[in-house]
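Student: Single-letter residue listing:
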Amino acid sequence: MDLRFTPEEIAWRDEVRTFINENLPPEIRERMRLGYAPTKQETITWQRILNKKGWACPGWPAEFGGAAWTPIQRMIFTEENQAAPAPELNGFNITMLGPVLAHFGTPEQKAYFLPRAANLDDWWCQGFSEPGAGSDLASLKTAAKREGDFYIVNGQKIWTSTAHHADWIFALVRTDPNARKKQEGISFLLIDMKTPGITVRPIISIDGSHHLNEVFFDDVKVPVHQRIYEENRGWDVAKYLLGNERTGIARLGKSRANLNFAMDVARNVRAGGAPLIEDPGFRQRVAQLQVDIKALELTQMRVIAAASKKSDGKPDPFSSILKVKGTELLQATSELVMDTGGPMAMPIWASELNALGNEPIAPEWAGYMAAPYLMLRAASIYGGTNEIQRNILNKAVLRL
Amino acid sequence: MDLRFTPEEIAWRDEVRTFINENLPPEIRERMRLGYAPTKQETITWQRILNKKGWACPGWPAEFGGAAWTPIQRMIFTEENQAAPAPELNGFNITMLGPVLAHFGTPEQKAYFLPRAANLDDWWCQGFSEPGAGSDLASLKTAAKREGDFYIVNGQKIWTSTAHHADWIFALVRTDPNARKKQEGISFLLIDMKTPGITVRPIISIDGSHHLNEVFFDDVKVPVHQRIYEENRGWDVAKYLLGNERTGIARLGKSRANLNFAMDVARNVRAGGAPLIEDPGFRQRVAQLQVDIKALELTQMRVIAAASKKSDGKPDPFSSILKVKGTELLQATSELVMDTGGPMAMPIWASELNALGNEPIAPEWAGYMAAPYLMLRAASIYGGTNEIQRNILNKAVLRL
Amino acid sequence: MDFDLTDDQKLLTDSVSKLLADRYTFEARKGFQKQPEGWSADMWNQFAEMGLLGLPFDEAYGGFGGGAVDVMLVMEQFGKALVLEPYLATVVLAGTALRLAGSEAQKSAILPEIVGGALKMAFAHGEQSARYDLSDVQSTARRSGDGWVLEGAKSVVLHGGSADKLVVSARTAGERNDRDGITLFLVDGDAKGVGRRSYQLRDGTRAAEVTLSAVQVGADAVLGGVGDAYPVISRVVEAGISALAAEVVGGMDKMLDVTLEYLRTRQQFGKAIGENQVLQHKAADMLMSLEQGRSMSMLAAMMVDEPDAAERERNIAMAKVGVGQAGKFVSQNAVQLHGGIGMTEEYVIGHYFRRAMMFDHSFGDTAYYLGKLAAQVQ
Amino acid sequence: MDFDLTDDQKLLTDSVSKLLADRYTFEARKGFQKQPEGWSADMWNQFAEMGLLGLPFDEAYGGFGGGAVDVMLVMEQFGKALVLEPYLATVVLAGTALRLAGSEAQKSAILPEIVGGALKMAFAHGEQSARYDLSDVQSTARRSGDGWVLEGAKSVVLHGGSADKLVVSARTAGERNDRDGITLFLVDGDAKGVGRRSYQLRDGTRAAEVTLSAVQVGADAVLGGVGDAYPVISRVVEAGISALAAEVVGGMDKMLDVTLEYLRTRQQFGKAIGENQVLQHKAADMLMSLEQGRSMSMLAAMMVDEPDAAERERNIAMAKVGVGQAGKFVSQNAVQLHGGIGMTEEYVIGHYFRRAMMFDHSFGDTAYYLGKLAAQVQ
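Line order of the protein sequences matches chains A, B, C and D.
So that you can map any letter, position 2 of the first sequence is 2 in the working numbering, and since no number is skipped, the others follow by simple counting.
Positions in the second sequence are counted from 1; adding 400 to them yields the working numbering.
Positions in the third sequence are counted from 1; adding 800 to them yields the working numbering.
Positions in the fourth sequence are counted from 1; adding 1178 to them yields the working numbering.
These are computed hints drawn from the structure, not numbers from a lab.
The beta-carbon is built from N, C-alpha and C at its ideal position, and this holds for glycine as well.
Treat each hint with caution, since some may be false.
Stated by the list, open to error - With a straight-line Cα cutoff of 25 Å, these simulated DMTMM-like cross-link-like pairs (lysine to aspartate or glutamate) come out:
#	chain 1	residue 1	chain 2	residue 2
1	B	582	B	567
2	A	310	D	1431
3	D	1432	D	1282
4	A	141	A	167
5	A	309	A	63
6	A	309	D	1486
7	A	395	D	1431
8	D	1188	A	167
9	D	1550	A	328
10	C	834	C	1028
11	B	710	C	849
Claimed, not checked - A few chain C residues that face chain A, going by a derived Cβ cut-off under 7 Å, partial list only:
#	residue
12	1000
13	1069
14	1071
15	1072
16	1075
17	1135
18	1139
19	1150
20	1165
As the list claims (entries may be wrong) - Some chain C residues judged to face chain D by a derived CB distance under 10 Å, without partners named:
#	residue
21	845
22	846
23	850
24	1076
25	1078
26	1080
Model the full assembly from the supplied sequences, consistent with the hints where possible.
Tutor: Written out as structure tokens, the structure reads:
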């Protein structure tokens, strides 16, 4: 047992770090360091740079561009990318749809969609959640009625991240309303967002950002060949996808980037006549977060090491620990960032000021300090709430 | 609205404080300041001093020695007594049995038992819990079978505090095993601990103290006239008693005494070359506890003020807040005491050392620093676990 | 000790509550927020008519002669409705400065205008590099003839953009962070040399960056003694903390109500999610936190007029920590128990959430006051 | 990165686990505790026979040549069984001091005796007024002829009462709290002038107050360089932390198991209490805490032999905090979920609880190491 990185792993980390340093456009990096979410175009730009390097879809089969990295290499890449900070790979394309297509897709589906997904030629979004369903995903109601070579889709999805950016959506729809169990009447469809009958309505989040949407389907015609896997077996596909979704959920690189940003600012703002970073309470808080990050770092390595040994394809229930503890850290570190900003974190500096020209109104670091905190309250909700994760742990490990 | 004490209340606090200062034997006070639990004799000594003053049973009707204090006067007395620190009044006698006797007792029962209870001539204990029951108190099984003018009691009680000190026990027993609801077949008996057939078996707690017991009843003959209230109506008596039990549960005076003791020691031990009390982490912890104590102090006053307005006799569900937050503070402050002691808090100094004579082996403050922490883990368990308190709040206030 | 409200106080609470229930619905508020100044002039007039704008002022100036407890009662109602109007800025902050430091002439001239609703004010004290240090004033005022010339910049001035008059602090002597040498001035919002850039805060209320470039004011603009403003500033902030704390308590009250209603009605896996024991206990924790916060808000109100400065500062600091922590706990869990809907701008919970967040970052946050209390441990 | 155990390590773990399952039941342990020295000489011999007492020592001294990970594996098993024997004191603490600072002669004379089970040792470093400061040494040693004379007192010396030999720290130069000027000495437990008063710690293990009154030792009693002991002491403590952390992880593992079993079987209100969702989630929190603690224990084991001192100290400090907090959380909740039975001496949970408490107060508590880490933030 040796928990240190091997020389090969250190070399890999250095290779990744060097590549990011040399190829990530500095303006993207700086905006992200200050807490801004990357724009659509920034995400596309960076993913295409990575794709050119062959690093955009490492987890896919080699024939579709996969890189045959070890799990630890993938972890190192993900965290270096988050900590840079650089835009993360479009998860809908890379961790969700890609593996599903590679596993369940027809040769035609694979050949057409996979390269386009890797290069972000198509921006994908996910149509799973519905207004009435919430954590009870399988109770979804959006109906797909077979008519010849088409499904006619009617219904509504909600919480659809980046639907307003998306070219395509992969959606769960109900193809058999009379199935014995609600999980058994569901199919998995790929739908072109330009198809007539689709309406996207924005949902503005509490940080003021437009990230989420409602998507309405009104007699939307979807060719049957855009179904993945068998009719009424979409739940199997979804389960496979959700298992993959849980890798990388700790997002430790992001928490580290938050902590670094807070410490940077704390060196430069005063509290009680001295730099904030010398304040005992601030230091205690940083120290505790460093401990918590270190612990999760090691736990994550253990989960990854275990994953690389097993091959049953089932998600490790311990990844629920990564989800809960990882999101707690995202929330705690973004809260530290906001608190570091103090009163300067509260204004929406951008609003109504653009009209006044480019004269800076506040220090650069203050631009976007509360928004990540606000947005990351969702981290313990999406992808299965942290309460659901505890249910999973109970069911799979504790068995009470 | 004025949350400050009135001049009358301040005068009362001073009167109580002065009386305690002048009458509490210093050796009792000093041992308690160091964390030791009072001995049986210490408790008796102090209660008799208070009884002589007319302060032992303020909540009772005037004819039995009650003092007609306002609720706020009672609170002040309780907290001054705890913070002194002085032995608390024997709760079984004063807050539990006394009001029950005064409310439900026959004239003969009142005349005989009340004065003796006030003066601790009889030490009472409570026989409610049973091994199989736990939080589900009403599922008790100890049977009392009527035979002429006697009940024949058979069964077992557990967690019986100070049963080994007790002269009498008040116990819930099942007099009708066939009652429709389990609450309806229960009676409330007073039992002389010297009655043949009673066996007390000690339960040693994790702090090494003998406080709890099992009490076994083997064909114990109890005269019918020692039953309180009607046969099979004992649950009404118990509910009345448990309602009274919840006053004073915040035990803030005790938490304050803990905090003061920790700060005293912290002024006298060194950490990193300076007094521990100057350590930033220690100070933050003290400051947070001061805030929490202050908040609960005010919440307690609000509950008391509300109680003095209502007369339905039902316990205020908000007293569950006092229980939960009060026990959290007891636990946190006793943990601070232990941590202040550091490595010196870990030895059981007394053990095996008495044989070596009276030469001191450790500073006086170090004698008993971990035991209260250990013992007070029970504070969130007894009197309805803190989980049960949340259920009560839900049922009575939130209604989910 | 006495928790009773007077009949006047009950009447006050009821009438504010009724007004807001009728006129300040969440929908109506959206409209108010879109007004040019970010709030409703009409509601402001309503507040004036009800006498709220004169609540803490002497009857001699047309006021109601009320105290901090009355302000607390109103602010608690304001908190439930997420009131946007500049009550804190005008009546509590600037009003307290005037009450404590104003000359008879200043009070006679200004307070009746406030009471009547004609004059909005703001308290322009904080600066970009001061964080929460009240003595960190770098703006300056130098004598010029009979009057003064002000230079500098003030940051995150609540309702600074719409204020007719500003109470501005400036250094007339001493070094940065000296408590001595700070002076308060009354400055017209549209005086020459005053620049104002207005924006929204994260909770939807308004604030402004204010610049002062050779702003000339007369000798009669000095509020209180020259160089003596620090204790006044300190008490203005204490009054602000007390008022805002009550507002957050009102908000927490509402958050718990809304959350309970959601837990009762939202169905998942075939039952109301409120049937989950874990969510019941979380709601119980929210209730406990709310009640502890309410206690601390009462403490703050009671302490605002405490003459013993050390006692007052210490208790207000404790109240700030207590309400701040309660507000954070209740609001974070209100969002969490709602799930996705709690994260949206169109739903009410997120607005309360951000208001509680704003409180924690106003006048010094939890860490700041806990640090202050910690430094006093000895 | 590699989490695999070697075949030898698997064998080691299995055989220790099996021995303890067979021979170190909770009932058997009660008997061991009643032995005069508070543990079982018979079990000690078993450990010797299995080679456990030689685990970290070179084969040249009859040892196994193992590392901190091997010790971790053994300690984890010891933690599950609440082993009472002086393994930490003899093999880990004194053993590390000998390994790092012992002369060839000292090692050849002593280590084989330890390995064989004949010699028990203790590390007599802490003093009553030192708290957790490793440099706060007031006991002294002055030269006397060829040798030295020791004066002073050592406090809470683990297994100091039963040790055949003590490793004693004393100041040979410098002032209290100076890192320079501390020297280690090998002192026979029954040497003239050594007073020992033995007692139980709260977790049932043994320790002693040791007094040194004109204790004479020869020049060959010096362990390592004169005045140079601080770095050795520091590393002894690090090895102790790593070993104890593993023990606590074993204890947490057991606490969770016992608690789950209790939740499954204990009936209340007509169902197993484990059906309460609140208790399920609390158990899930315990699991998460345990696994985070396990990770930190692995970190400590990996870092014990890290040559970069700053890196080593920093990571060990983080591990101490992480395992300490996990141990506290898991053990407090294990008691709480048990209710009354968890508070009793006769039930197993309280013993694990106190062992975790003991860990937090050994070699510096959570607050101490968090404070150290905080002081490094810059």
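Student: Are the hints correct? Go through all of them and say.
Tutor: Consistency of the hints with the structure:
no.	hint	in the structure
1	B:582 to B:567	violated (29 Å)
2	A:310 to D:1431	holds (23 Å)
3	D:1432 to D:1282	violated (41 Å)
4	A:141 to A:167	holds (23 Å)
5	A:309 to A:63	holds (23 Å)
6	A:309 to D:1486	violated (32 Å)
7	A:395 to D:1431	holds (18 Å)
8	D:1188 to A:167	violated (53 Å)
9	D:1550 to A:328	holds (24 Å)
10	C:834 to C:1028	violated (40 Å)
11	B:710 to C:849	violated (37 Å)
12	1000	holds (5 Å)
13	1069	holds (5 Å)
14	1071	violated (10 Å)
15	1072	violated (12 Å)
16	1075	violated (13 Å)
17	1135	holds (5 Å)
18	1139	holds (5 Å)
19	1150	holds (4 Å)
20	1165	holds (6 Å)
21	845	violated (51 Å)
22	846	violated (46 Å)
23	850	violated (46 Å)
24	1076	holds (6 Å)
25	1078	holds (5 Å)
26	1080	holds (8 Å)
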